[in-house]
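Q: Sequence:
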Amino acid sequence: MSAKTANDFRLGFLTTISLKDRGHVGGMLITNRQGRPLEFQCTTPVQANRTQEILYGPTLLPYLRGELIGRTLVEKMRLKPTVVLVDDLELLSVRDHISMAAACLISSKTPQDENDLVIADQNLRLADGHEDDRATLQKLEGTLAAESELAEPFQRIQDALNEALGKAAAPTREAA
Numbered sequence: 005m006s007a008k009t010a011n012d013f014r015l016g017f018l019t020t021i022s023l024k025d026r027g028h029v030g031g032m033l034i035t036n037r038q039g040r041p042l043e044f045q046c047t048t049p050v051q052a053n054r055t056q057e058i059l060y061g062p063t064l065l066p067y068l069r070g071e072l073i074g075r076t077l078v079e080k081m082r083l084k085p086t087v088v089l090v091d092d093l094e095l096l097s098v099r100d101h102i103s104m105a106a107a108c109l110i111s112s113k114t115p116q117d118e119n120d121l122v123i124a125d126q127n128l129r130l131a132d133g134h135e136d137d138r139a140t141l142q143k144l145e146g147t148l149a150a151e152s153e154l155a156e157p158f159q160r161i162q163d164a165l166n167e168a169l170g171k172a173a174a175p176t177r178e179a180a
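Reading the sequence shown from the start, the letters are residues 5 to 180 in the working numbering.
Treat the hints with care, as some may be off.
Said to hold, decoys possible - With a straight-line Cα cutoff of 16 Å, these simulated EDC-like cross-link-like pairs (lysine to aspartate or glutamate) come out:
no., residue 1, residue 2
1, K84, D12
2, K84, D125
3, K113, E94
4, K80, E43
5, K143, D125
6, K113, E153
7, K143, E43
These are computed hints drawn from the structure, not numbers from a lab.
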C-alpha cells in the first residue's frame, strides 16, 4: 500500500447504546490508521412507537440501529471511512444502506462463520450478501499494526456518548 493510500485509509467505528425508556443513541468515530480521531458524530435518541414495534416485529432493532441510526451517521460524516466497523451484529445491517465495506467485530478469536475474516488477530464478520467486502477488509492487515485493538475505539465512543448525554442518561448495552 502506497504512503498516500495508507494516509487516506480511514476507519469508521459505529456503535449504539440503549437508553432506558428513551430509545437508542448512535455514535460514529472516524480515525486514521493509528487510531487518532478525525471526526465524531452522534444522534439524538431514536425510539420506536408502538405501531412500529408491532409492524417491524423482530426486525425492529436492526432497522433502528442499522438503517435509521447507522445510515444517518455515515451520511452525516464529512470524512468518509474506507471501512465501517460495528460492534453489534444488528448494526451490521447498515451495510445494506451504505456504499463502503462494513464488518462486525466478533469476540471469538476463531472464525465461526463462512463470513468471518481474521485481521490483526481479531475476528470480523462480513455482512451477508457483501462478500466483495472481503478484499477491502483484507487491506486492513497491511494497514493496521498487529497489536491494534479494534475494540478500543468503541469504548471511546460509548464514553463520549455518555458524556454528551450526561450522567443521568443511564445507558444500557443490549446483547446482540
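Q: Which of the numbered hints above does this structure break?
A: 2, 3 and 7
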